[in-house]
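K.L.:
All chains should be built: construct the whole structure from the sequences, respecting the hints.
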Amino acid sequence: MQNTITTMTAFLRFHDLTKSYYEGEVRRVVLQNAHAEFQPGEITAILGKSGSGKSTLLNLISGIDAPDSGQVWVDGQDLTALSERDRTLFRRARIGFVFQFFNLIPTLTVGENVSLPLELNRIPRPEAQQKAQDMLEAVGLLDRWRTFPEKLSGGEQQRVALARALVHDPLLILADEPTGNLDEETGAQVMSLLARLAREQNRTLLMVTHSREAAAHADRFLRLSHGQLLPEQ
Amino acid sequence: MLSLRTLLRHPIQFIIMTFGIALGVAVMVSIDLANTSAARAFDLSTSAVTGRATHAIVGSNQSVDESVYVRLRTDPQWREAFESAPLVLAYAVSPQLGEVPFTMLGIDPFAEAPFRSYLGGGPQTQPEAIASLLTVPGAVLLSAPTAESYGLEPCAPDELSDTSLADACRLTLSIDGETRHAYLTGLLEPSDDFARRALDTLILTDIATAQSLSGTSGKLTQIDLILPEDFDSSALSAALPAGTLLVSSELRSSQVTQMTAAFQVNLTALSLLALLVGIFLIYNAMTFSVVQRRPLFGTLRSIGYTREQIFGMVLGEAALVGALGAGLGLGLGILLGQGAVQMVTQTINDLFFVVTVRGIQIPASSLLKGGLAGVIASILAAAPPAWEAASVPPRLALSRAGLESRAQSAVGLVAGLGLLAALIGAVILTIPTRN
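Chains U and R, in that order, give the protein sequences. When we follow our numbering, the leftmost residue of the first sequence carries the number 88, and every step to the right adds one. When we follow our numbering, the leftmost residue of the second sequence carries the number -3, and every step to the right adds one.
Hint data in this document are derived by calculation from the structure and do not stem from the laboratory. Check before you lean on any hint, since a few could be wrong.
To be verified - Here are the in silico distance ranges between beta carbons for each label pair:
{"no.": "1", "chain 1": "R", "residue 1": "GLY408", "chain 2": "U", "residue 2": "GLU287", "range": "39 to 47 Å"}
{"no.": "2", "chain 1": "U", "residue 1": "GLU214", "chain 2": "R", "residue 2": "ILE8", "range": "37 to 45 Å"}
{"no.": "3", "chain 1": "R", "residue 1": "ARG36", "chain 2": "U", "residue 2": "ARG233", "range": "53 to 61 Å"}
{"no.": "4", "chain 1": "R", "residue 1": "LEU4", "chain 2": "U", "residue 2": "GLN217", "range": "27 to 35 Å"}
{"no.": "5", "chain 1": "R", "residue 1": "MET339", "chain 2": "U", "residue 2": "GLU206", "range": "48 to 56 Å"}
{"no.": "6", "chain 1": "U", "residue 1": "GLU287", "chain 2": "R", "residue 2": "GLN288", "range": "34 to 42 Å"}
{"no.": "7", "chain 1": "U", "residue 1": "ARG283", "chain 2": "R", "residue 2": "LEU415", "range": "31 to 39 Å"}
{"no.": "8", "chain 1": "U", "residue 1": "GLN216", "chain 2": "R", "residue 2": "LEU272", "range": "44 to 52 Å"}
Claimed, not checked - A few chain U residues facing chain R, derived, Cβ under 7 Å:
{"no.": "9", "residue": "ASN146"}
{"no.": "10", "residue": "ALA168"}
{"no.": "11", "residue": "THR175"}
{"no.": "12", "residue": "ARG178"}
{"no.": "13", "residue": "ARG179"}
{"no.": "14", "residue": "PHE184"}
{"no.": "15", "residue": "THR194"}
{"no.": "16", "residue": "LEU207"}
{"no.": "17", "residue": "ILE210"}
{"no.": "18", "residue": "ARG212"}
{"no.": "19", "residue": "GLN216"}
Built from N, CA and C at the ideal position, the CB exists for glycine as well.
P.N.:
Right under this line is the structure:
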């Protein structure tokens, strides 16, 4: 079964992607022969019920998990052909993550959190600091440079998380329920910001969400149901 | 930075880990210092007594009849064949000498020169002091630094006739439970640090006085010999009367060392047990810390930390704790060593032989050993939790964070239950099991 047409020019594409887990003795198939492709600068929302495999799909696309079968291509690189370590290094350089629970490092200040991906990518400190400051300015939190995350509101924490996800110029941004832990108004603000930054920087954004409001910022919609990825009508 | 901040953010865990390793290192270092100091004191004491003797004639009942020495000095077969010197050895404590066990050495000043240069009329000894040993009954010598440290001054032989003057230099000695009196009539001037430490706990007197003070008239503890390299010792052994035997100084020294070796190994093993407790504390605290931070490790893995980086980060935290704990432990160990050396010395005195340690030796090797053991033990203890941290699947950050947060909220309840269980245990312990 083919859910979408794939082309060799797509920035992100996956093909025949299958993933299953064992729950005790029972094998549960989460994804079954899923296909899709995504163009640079495209914003896509993946919808689906809880437990439908949305997060699993993000894990496979980012190389966090390996599929049972199938291939994932990001910017011409077959992630399934890489070792676990090489997938980690690829993720470090090319992918930005936004998590539902923000996942900021509580022992680092806002500035240090945003600088972390740059340090990991061995960007010289002065340049890293400048880029981190620019990014924080873009999300409106430059004045919180020395603040620890616990002093920030949920919305502010997610804006810092956006800055951390984008600061090292990743080609692909993966967002897992980016507004799932925010109130409606704050969620809308964060989502607008994320979509604006992704468009300004021409990044491919793939977000998993339950929220219709969040999904409204997307260029297209896919629904994950019974292991199948289908275009949302 | 991340490691340091994590440690500072959890001060109780940090203190437990540092304290654990500091305690382990402290006990290890203190025992090592005590052992080293006791061994060094024993070596010095042995050197002071043995001097340049290659062999000694000893008795199976700890004494040799004086006639054996007379025969060696008068028999033409032996008289010119080797040097010999009689020795009477006893242990004495005195209130004027801080009740510290001193070795009392009775010598023949005329025979001593080849054996113990700093005793027998060498350049470090005042001739009048040596002369007083022969002319004044009950005359003894001490090293000048020892006498000074106990505020003692010698009397001139002519002052001893005046009771009021003699009291100032009179020593009350307790030897084998008997109280005796002796007079300090001169001082030995050690020429170097080695001689100073060798003479530190030595009371020197002549044979007759030593026999009188120790109640061993007509008996010698041993006869020291310097045998030429090509000397046939078997002929001498055969000529000795029954109940006496010829032994090499090296063999005697090693026999005594072997006696204490097992005791010192036991102490070292016990000190390592203390380090093991420290390792256990680090292992537990680190495991707890890793479990607590699983979502964090998941996040770090998601944003590009490799397994090796996570492993290194946790080990780095342990190394930091280990270095700090070892540093504290070294200082504490030196302090504990002051007390431990007294206990170790007391046990050696009670079980093996008399040795007096008046100060601990702090060899750099003991400190280096303790410091390295602390850091390496901390790293080894943290290796399993570090591996656990490195193995955290990154997807935990995406799917389990909420679950972990909920689990954390149960920590208070579980801790409360644990406390209750401990309390019940304590109450049960107080219930008498026998009327």
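K.L.:
Against this structure, judge whether each hint is valid.
P.N.:
Here's how the hints hold up against the structure:
no. : hint                            : verdict
1   : R:GLY408 x U:GLU287: 39 to 47 Å : holds (46 Å)
2   : U:GLU214 x R:ILE8: 37 to 45 Å   : holds (39 Å)
3   : R:ARG36 x U:ARG233: 53 to 61 Å  : holds (56 Å)
4   : R:LEU4 x U:GLN217: 27 to 35 Å   : holds (28 Å)
5   : R:MET339 x U:GLU206: 48 to 56 Å : holds (52 Å)
6   : U:GLU287 x R:GLN288: 34 to 42 Å : holds (38 Å)
7   : U:ARG283 x R:LEU415: 31 to 39 Å : violated (52 Å)
8   : U:GLN216 x R:LEU272: 44 to 52 Å : holds (46 Å)
9   : ASN146                          : holds (5 Å)
10  : ALA168                          : violated (18 Å)
11  : THR175                          : holds (5 Å)
12  : ARG178                          : holds (5 Å)
13  : ARG179                          : holds (2 Å)
14  : PHE184                          : holds (5 Å)
15  : THR194                          : holds (4 Å)
16  : LEU207                          : holds (5 Å)
17  : ILE210                          : violated (13 Å)
18  : ARG212                          : violated (12 Å)
19  : GLN216                          : violated (14 Å)
When held up to the earlier numbered hints, the structure conflicts with 7, 10, 17, 18 and 19 and fits the remainder.
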